[in-house]
Amino acid sequence: MSAELLSISGMSKSFPGVKALSKMHLDLYGGEVLALVGENGAGKSTLMKLLSGIYTPDEGEIVVAGQAVAISGTKQAQELGISIIHQEFNLMPDLTVAQNIFIGREPRAAGVFLSERELNRATAELLEQTGIALNPKQLVGELSVAKQQMVEIAKALSFKSKILIMDEPTAALNDAEVAALHELIRRFVTEQTGVIYISHRMDELKEISQRITVIRDGEYVDTLNTSEATMPQVISLMVGRTLSDQRPELPASRGPVVLKVSGLSTKALLKNVDLELHRGEILGLAGLMGAGRTELARAIVGADPISAGQLEIDGTAVSISNPAVAAKLGIGYLSEDRKHLGLMLERDVKENIALTSLQKFSTLGFLNDAAIEAKGREYIEKLRIKTPSGDQITKNLSGGNQQKVVIAKWLLRDCEVLIFDEPTRGIDVGAKEEIYALLNQLAETGKSIIMISSELPEVLRMSHRILVMAQGRISGELSAAEADQERIMQLATAGAQPKMTNQPQKDVQ
Amino acid sequence: MSSPALTSKVKSNWWKASLQQLLAFASLIILVIFFSVASPKFYQPTNLSNILFSIVVTGLLAIGVTLVIITGGIDLSVGTGMTLCSVMTAVFLVNLGLPMVLGVICGILFGALIGLINGIFVSLLKIPPFIATLAMMLVAAGLSLVISGTKPIYTTGVPGFQQIFAQGKPIPGLVIPNAVLILLIAAVVAGVILAKTVLGRYTYSIGSNEEATALSGVNVIKWKVIIYTVAGCFTGLAGVVATARLNSAQPAGGMGLELQAIAAVVIGGTSLQGGKGSIIGTMIGALIMGVLPNGLSTIGVPQEWQNVAVGIVILLAVFLDMLRRRKSVS
Amino acid sequence: MSSPALTSKVKSNWWKASLQQLLAFASLIILVIFFSVASPKFYQPTNLSNILFSIVVTGLLAIGVTLVIITGGIDLSVGTGMTLCSVMTAVFLVNLGLPMVLGVICGILFGALIGLINGIFVSLLKIPPFIATLAMMLVAAGLSLVISGTKPIYTTGVPGFQQIFAQGKPIPGLVIPNAVLILLIAAVVAGVILAKTVLGRYTYSIGSNEEATALSGVNVIKWKVIIYTVAGCFTGLAGVVATARLNSAQPAGGMGLELQAIAAVVIGGTSLQGGKGSIIGTMIGALIMGVLPNGLSTIGVPQEWQNVAVGIVILLAVFLDMLRRRKSVS
Amino acid sequence: ACDTPSAGSSGAASPGGKSFIAIVSKGFQHQFWQSVKQGAEKAAKEFNVDISFEGPDKETNVQQQVDQLNQAMAKSPQALAIAALDSKAVEGVLQDAKSKNIPVIAFDSGVDSDIPLATASTDNKAAAAEAAKHLAQLIGNEGKVAIIGHSQTATSGTDRRDGFVDWLKTNAPKVTIVDIQYGDGDQLKSTDLAKTILTANPDLKGMYGTNEGSAIGVVNAVQELGISGKLKVVGFDSGKAQIDAIKSGLMAGAITQNPVGIGYETVKAAVAAIKGEKLEKVIDTGFYWYDKSNIDDPKIAANLYQ
Ligand SMILES: Nc1ncnc2c1ncn2[C@@H]1O[C@H](COP(=O)(O)OP(=O)(O)OP(=O)(O)O)[C@@H](O)[C@H]1O
Ligand SMILES: Nc1ncnc2c1ncn2[C@@H]1O[C@H](COP(=O)(O)OP(=O)(O)OP(=O)(O)O)[C@@H](O)[C@H]1O
Ligand SMILES: [Mg+2]
Ligand SMILES: [Mg+2]
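Residue numbers (this note's numbering), protein chains in the order written: chain A, -4 to 504; chain B, 185 to 514; chain C, 185 to 514; chain D, 83 to 388.
The hints are simulated quantities; they were obtained by calculation from the structure and are not laboratory data. Computed from a predicted structure; not experimentally measured. Quick reminder that beta carbons are idealized off the backbone N, C-alpha and C, glycines included. Don't take each hint at face value.
[What the hints assert, rightly or not] Selected chain B positions facing chain A (Cβ under 7 Å, derived; list incomplete): (1) 256; (2) 385; (3) 389; (4) 393; (5) 399; (6) 400; (7) 456.
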């Protein structure tokens, strides 16, 4: 084996009331991609934040290239050759791609003056080398989530670091983009460099990693060679039990149409979208990034204005001007961006859970706090949300557990139609199974679900029927029986390459 | 699921919240003790009652501002808005000759109208609150002069008005005037709204994450308009009390009061980011803002130094609060 | 790598940015045309020069405020801070008898000192900018009175001071005085700082996402202090020009100017959220704030209506800007 | 001016100790009020009493003045002196003083009440009429004039405006007032207002500023527009800039009140009241027209502050 790049040992870190890491250890060698897996809240991100100096460890040792070091901040981490792509983006939306990548390291013309031309040139060169398709001069705020992730990756690569840490880099990417990223990583890894790769997508571990370290409840569990490991084995190490991967029985007959969308268009992207959702159905909505799935969902619930189209609920035409109206009519939308659009991060868990259903907990405008507390507790247990109590500030939960809070609040509202946008983004395998079970249970009790997902296996496994979108249109429909990955990809890439052309379309008007 | 460690966590949360108010309260106590020691004249019932009386208008304005700030907004219009409400109350009572109760209600409702307009601009038309209320501040200042013809309107002809809404001392032996009781009642009402009602919960939610609240099926636009309108009622009430106290509507004043009110809110621990804050904190903040000039003058500090002292105390109070918060985070 | 589609996108970006300034500019042009049509007295070289002269102090303050607002902060201390710098400039020139150039530099540096203190409180001690600068506003107001002994300090004994820093008209035939040229130069300097220097880049970056900027290895605390200090220099310069114009330091004024400056910044399209904004926009905003009272008074609108009109114009300008922005998003 | 004896700490009411007089004025930041304060301090020294001197930040801040009055009463003074921003608004405090047998002296402007034992003030309307008389003379009783006022609402502002306007109406009908603008007594703002008026009305013959800041504003405007000599400027109050302007001819003349005298007479009357002496109801502290010709006259010079 080649040289040891990084070694962590005896690492502990506690937050008030939470022991996030306990005597954790891990080694990274040159030339390898080490996958780090564990349930939501296992302590993966915390470990990475210790490595970048955002947190200081309670105890433990970090050894970089044979030298024991104390890391006090990002800058120092970079000097030690460590760069990190955090789970949550760290970008400046008002700056361009190039300005973001080289922030703090701007090429200068004379002392304090900037050389914008040199900056853009260096960025273009970097993007060329790494094969990332971005325009250096575009504002980051205008990019889609996936492209913002690309900016983060480009930025991390620009440091020419020895150790690259990626905290769920693929959570927002589709399969094609994941493949491109893997290609990038393979090119990056040489004898002198290594990658720590955190992911909840078990399927990609085989693709990219050489070894897998498993962490559970802040403690080291085991490290396996990827080539020798089987996925069920990894998963059982992660969650401490074996999971069944059984596709549930689908109900034979479809119920009546509950939601009918016809001719829906938006100024920006959607063109003449028709859709029917039946009672008790899980309708999968697949497509490439930027195909317009999120836009469709937002348009249905009135979060964005529509330029044409009709909506019918149970056969009656309705007009939905905002999400409040949608919720009243029994349509709920779970956003894909929980941090910005899903949660009140500074407020506690039970309050977040109750937010959608406050009317239920009030008489004459006055709140029943005891009932809110009780319901909060009920859903924390039901969804196994890892939190000390309903009074915990939501920001302090791990990403996956935050996602569960978003789901809980919509379950509580008890809508007839639920639109889940990337419901399992950033969620560990165990929790995923729980959410799948929940979705099935909802469908069985007569609720109707639209599930938007970029993970094809998930779409295939869960959906009774699959709609595929491309460039703002529905490009095809597949029944559960006829659907497979290949057919979906065919429909998703129907027409021109959607990936690059969706932006200029927006600019035409 | 809840281990002993976890329970202790929850307790410590509760403690934190109390501590925050405790800290502003501590600043207040320290000031009171300091001034009492420095001058025997400070700690006299009459003087303490003076202080309470002097914070009534700012306090009422600060209550409204607290609601708005918790939504993540700001209200610069409360100072001159109060003046306009004062003018309108006098117009209702004197020029239109409405019965006292009706005139007062109309005065408060006029405040609600100002709040409603603020709310529509901020919420429906999406003008940043700083701008919308800055514009309203100017408009209200102008309208006060226009409507009153730049002259005070005297309410001396309205029997009982001054007594009931300002000077009257309902509790025999106690020197606390009605105006102070009105502030107290208003604070309790606002406190209950914030802590116990749907409106209060949405106030915090919107301040915490407006978009997420909207996507959760809350009609944020409507609720924000309501919050600004309710806040406007307190501005109207402040106008009524100011009119009663001076037995006249003074059309030229009010500018600058908004900064005093905002200072009181912030000293009381309400964050300008929105999502956090309390009425009790605001009341403590208003008391600090009232004790300071009074105490400084009582111990004979020349007036030109008073602004300097007030500035420094604001900094200290907020800084201590920050320190505490940072400590409790790490 | 850059397809034609991408280039078009970038072009549209550039257009958008220009359009924004175009829009504020359009408001200005509309106002000018309106007043010119309404009264032939408005569109005279002397009157236009009056307007320019009248915006110099607010304009200089607004430049500093622009920098601070782009970082996502706010500066309420510029009004009375300017007064304090004016007093200090007079103290340097008259009481200490420094040579003119040195005295003026010291006056500007005193502004930098105020900015530095603001910066330390905001950046190092993490006091919210609204509070830190509110406190500074009060402290500066008090210190101006204390230092001057509440009396004006006359600089009539400093030969050439008034000419060079205010009244002098360097270009024969043109009625533009030095003070206006100073504003122009200051605007260009600030514009270059924002667009072309590392400091400017970090100003936008911090306003856009402070945490991310810090995580990128930029010493945010240091740079924020620097930005506030640089902003303070413009406050100092405003103090110098005000002193020269009045040939004296007037210790009692300044309060309220900060809101005018902030209004100019916001009318100019700089977002109070931070991350966006430009000096040229601010200058247009300052011009609008100058044209309005002058034009209204020229066409004979009674003064009590002027505040109402200014308020409405602020709303309109910002609302149009919002409309345009919303359109360009969808 | 900062080392005022700390009024609070010396137990004022003790018999044999110094008497304490609480003074609440209309302002404290401007030179006029500082001069009143000087006069009051001079008298305090002379008659061996303690005083406190406070006023609101702005002359529009009636509420703040009421708070300051209440606070002054809480210091249990032997006498109270007050320059009321609004007579009716301070009624309650006056009643309070009466019920506690604390004598009240009014100054600067009268209080619409019979509680004050004496009033030491300038008759602002008469003084403004004097300014109007002189300006009319200077422009030959004919032509356009404009006013820069310092307040649209405070009595000193409205009296000085109305006295001026009324005199012209009855005595010089050919003089027309084309514009009245209010600059809050702020020199910068007044300068810009005056420039706007002057540019819009190039045929203006005369201009009047109702206090120091307003008058200096007009002078600055004349200077910046380079039209000195064409316009007759009259003003109010004094101060170095105004005195200089009169000496150099930029300003034709001004009315000066006697702020130091007002302060002095106020304290003197208060002391007399404490001793139970009988007081004149009105103490006219007078006003003077001064111009280049009489500015160095000792009687005038005594009433000017630099
Ligand atoms: N700042 C904090 N304050 C309190 N608790 C925290 C804080 N940060 C993390 N935690 C807790 O520490 C534990 C580990 O969190 P961490 O974010 O490292 O999990 P993770 O393994 O990255 O999970 P995920 O896969 O969901 O991202 C969780 O229980 C979380 O709630
Ligand atoms: N808030 C936004 N501002 C600007 N553009 C946006 C915004 N949200 C989405 N877009 C753009 O709209 C297009 C459609 O995005 P949308 O999110 O609907 O796609 P999607 O099919 O749901 O893909 P995914 O959910 O995987 O991102 C993309 O080009 C995206 O960049
Ligand atoms: Mg994580
Ligand atoms: Mg999407």
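For each hint, the structure was consulted:
no.	hint	result
1	256	11 Å, violated
2	385	6 Å, holds
3	389	6 Å, holds
4	393	4 Å, holds
5	399	5 Å, holds
6	400	4 Å, holds
7	456	13 Å, violated
Taken one by one, the earlier hints fail for this structure at numbers 1 and 7, listed in ascending order.
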